[in-house]
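Kindly produce the complete structure, drawing on both the sequences and the hints.
First to last, the protein sequences are chains A and B.
Once you know that position 249 of the first sequence is 249 in my numbering, the rest is easy, because the numbers rise by one and skip nothing.
Once you know that position 44 of the second sequence is 44 in my numbering, the rest is easy, because the numbers rise by one and skip nothing.
FYI, nobody ran anything at the bench for these hints, they're computed from the structure.
Computed list of lysine to aspartate or glutamate pairs in DMTMM-like fashion (alpha-carbon distance at most 25 Å, straight line):
hint : chain 1 : residue 1 : chain 2 : residue 2
1    : A       : Lys119    : B       : Asp51
2    : A       : Lys119    : B       : Asp34
3    : A       : Lys129    : B       : Asp34
4    : A       : Lys189    : A       : Glu229
5    : A       : Lys129    : B       : Asp51
6    : A       : Lys119    : A       : Glu416
7    : A       : Lys189    : A       : Glu256
8    : A       : Lys129    : B       : Asp68
9    : A       : Lys291    : A       : Glu242
10   : A       : Lys119    : B       : Asp20
11   : A       : Lys291    : A       : Asp248
12   : A       : Lys129    : B       : Asp26
13   : A       : Lys374    : A       : Asp91
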Amino acid sequence: MATRTRARTVKKATRSAGRTGRTGPSRPRGAASRAVRKPSAASAKSVISLHIATIKGAFVLRSDRARKNWKMEGPYFLGSEANHLVRDPRDPSVLLLAARTGHLGPTVFRSTDSGRTWKEAATPPAFPKAPEGTTGQVVQRAFFLAPGHASQPGVWWAGTVPHALFRSEDGGATWELQQGFTRFLDGLKARKPDYIAETPGGAITHSILIDPRDARHMYVSISSGGFFETTDSGRSWSCLNEGCSVVDFLPEKFPEFGQDPHCAVLSPADPDRIYQQSHCGVYRLDRPATKWERIGKNLPAEVGDIGFPVVAHPRKPDVLWVFPMDGTDVWPRTSPSGRPAVFCSRNGGATWTRQTRGFPQSNGYFTVFRQAMKADHQDPAGLYLGTTSGEIWASPDEGSSWTQIFGHLPRVLAIEVGEG
Amino acid sequence: MSVAVHLSSHLRSYTRGRSDVEADGDTLAALVADMDRRFPGIRFRMVDEQDHIRPHVNFWVGGSLTRDLATPIPAGNEVAILGALSGG
Numbered sequence: 001m002a003t004r005t006r007a008r009t010v011k012k013a014t015r016s017a018g019r020t021g022r023t024g025p026s027r028p029r030g031a032a033s034r035a036v037r038k039p040s041a042a043s044a045k046s047v048i049s050l051h052i053a054t055i056k057g058a059f060v061l062r063s064d065r066a067r068k069n070w071k072m073e074g075p076y077f078l079g080s081e082a083n084h085l086v087r088d089p090r091d092p093s094v095l096l097l098a099a100r101t102g103h104l105g106p107t108v109f110r111s112t113d114s115g116r117t118w119k120e121a122a123t124p125p126a127f128p129k130a131p132e133g134t135t136g137q138v139v140q141r142a143f144f145l146a147p148g149h150a151s152q153p154g155v156w157w158a159g160t161v162p163h164a165l166f167r168s169e170d171g172g173a174t175w176e177l178q179q180g181f182t183r184f185l186d187g188l189k190a191r192k193p194d195y196i197a198e199t200p201g202g203a204i205t206h207s208i209l210i211d212p213r214d215a216r217h218m219y220v221s222i223s224s225g226g227f228f229e230t231t232d233s234g235r236s237w238s239c240l241n242e243g244c245s246v247v248d249f250l251p252e253k254f255p256e257f258g259q260d261p262h263c264a265v266l267s268p269a270d271p272d273r274i275y276q277q278s279h280c281g282v283y284r285l286d287r288p289a290t291k292w293e294r295i296g297k298n299l300p301a302e303v304g305d306i307g308f309p310v311v312a313h314p315r316k317p318d319v320l321w322v323f324p325m326d327g328t329d330v331w332p333r334t335s336p337s338g339r340p341a342v343f344c345s346r347n348g349g350a351t352w353t354r355q356t357r358g359f360p361q362s363n364g365y366f367t368v369f370r371q372a373m374k375a376d377h378q379d380p381a382g383l384y385l386g387t388t389s390g391e392i393w394a395s396p397d398e399g400s401s402w403t404q405i406f407g408h409l410p411r412v413l414a415i416e417v418g419e420g
Numbered sequence: 001m002s003v004a005v006h007l008s009s010h011l012r013s014y015t016r017g018r019s020d021v022e023a024d025g026d027t028l029a030a031l032v033a034d035m036d037r038r039f040p041g042i043r044f045r046m047v048d049e050q051d052h053i054r055p056h057v058n059f060w061v062g063g064s065l066t067r068d069l070a071t072p073i074p075a076g077n078e079v080a081i082l083g084a085l086s087g088g
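Have a look at this one:
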C-alpha cells in the first residue's frame, strides 16, 4: 500500500458541532421532530432507522413503533458525498460510512456509538502503488459497503469506483484490495477490453451479496461488466450472465459478460432466489440454474422494465418490488409519463401490480438510484425510497400506500434500514 | 526546515480547526509526509495512492501553483494548500 494513513477521531461531522464541541449529531433547523401524515400505518415490532446517504452528507431518520412519526438525526459529514451509510447487523451500534468531498479523496468513517463519534479508517480502500513508469489506479469513491457474513464479525466488504473489491477484517479500520477479483476482471478485459466499462457515475462495483449459508459464496455486480460469482471467498470468480440481454450499448445481445446490472438482491427468505434490475430489464435467477429469466417483460409495455433498484420481500421469495424509470428516447431516467409508481409482483415476476397511492398522480418526475430503495423485516413489510430530489417516501403496508416522510434533503444516493 | 503552511477550510478537521500550521520539509513530498505524522490521515485526502496530488487540491509554494510533489520549498517560502474552484 503506497499510502497508509493513521486513524484519527472525528468528533463531529458538522462545522457547528465542531465549534461547540458537542458530541451529539447536529440537527437541521425545523427538522428535529417532524410528524408524518400517515393514515394507516401498521405497527412494527421494533423501531426502524433509515440510514440515508446523500450527495451532501448522511442523515438518519428514526421512527416510532408505528412507523408513523419520524425524527431526523444528523447531518453527518455535511458537505461530503456520502455514498453508503450501513449499520452492522452483527453489532447495531456500529455504523460505516463511505465518503469523499468535492476536493478531497475518498475514505471510510466508522462509528461504534451509533453516530455520536466517528473514526476515520487508518488505511482506506486504495490500490497498490504502481511500479515506476506505469500508471496505477486510484480509488475515486467507495461506493458500496457490505457487512461480512454473520460468522465473521469484523469483516466488511467494499466495492469501489473504479471496479475493485476490498475487504476489511478489523471492522473497517484497514482495507485490502482483493487481488482475485482484480485478476479476474483483468482477464475479462484482456479478452474484450470494451466490455468492462464506465457508466456516467463511474466504473461502479456494487451489490456485494453474501450467501447466509456459506461465507465463501458471494456475488458481485459491476456497472458495466456483469454479474459474477465466487465460491472461495473471492479468490476465483466466474461469469453468471446467461440470459441477461444487452440493448444498444454493445454489439452482442447476449454476451458472456459486459451487461450493466444496476442492482441485484438475494431473497432473504431463499438465498437461491436472486433478483436483478439491470440496464436492460428485470431478471430472476433460481440457483443452481445459471440462466436468468427476464420477468420484466411482464410489466406493462408503456412502463417498461428499466430502472435502478429492486427489493426482495423479507419473508416471501416470490414477492419483489421495482421502481421503473423512463428508458426510452434519450433515457430521461424519470418516472414514466411523470407518474411515479412502484410495481410489485407476488409470483416471482409473472404478474405485476401498480402501487401509486400517495404518490403524485401526474407531474412527478422521480429518479430513485440503485441503492435508494429498501424494505424492513416487519410484518407487513415497510418499504422506503429516496429520490434524487431529496424526498424520502415510506410505505408501512408493502407498497399499498406511500407517504413522503421527509423532503428537502440533498440528492439521495442510498438508503439502508436498521431495526431495533 | 520548518515551513509555514496555510490550509483552506476543507482540511481543518485534521488540524483541530487551525488554518495555519508548521511542518518540516524541503520538498512538498517531505512536507506532506511530516504533516501526515502531525495530522494523521491528511495526506491521503490530498494525495492519492499513486502519489499524485488530487485534482481539486492546489499546492502553492511561494505564490506559485504546482502539482509536483518533488517541488522544492525554498527557505522562507510559505506553502498554501487550497481547494480548487469546483462544486455545485
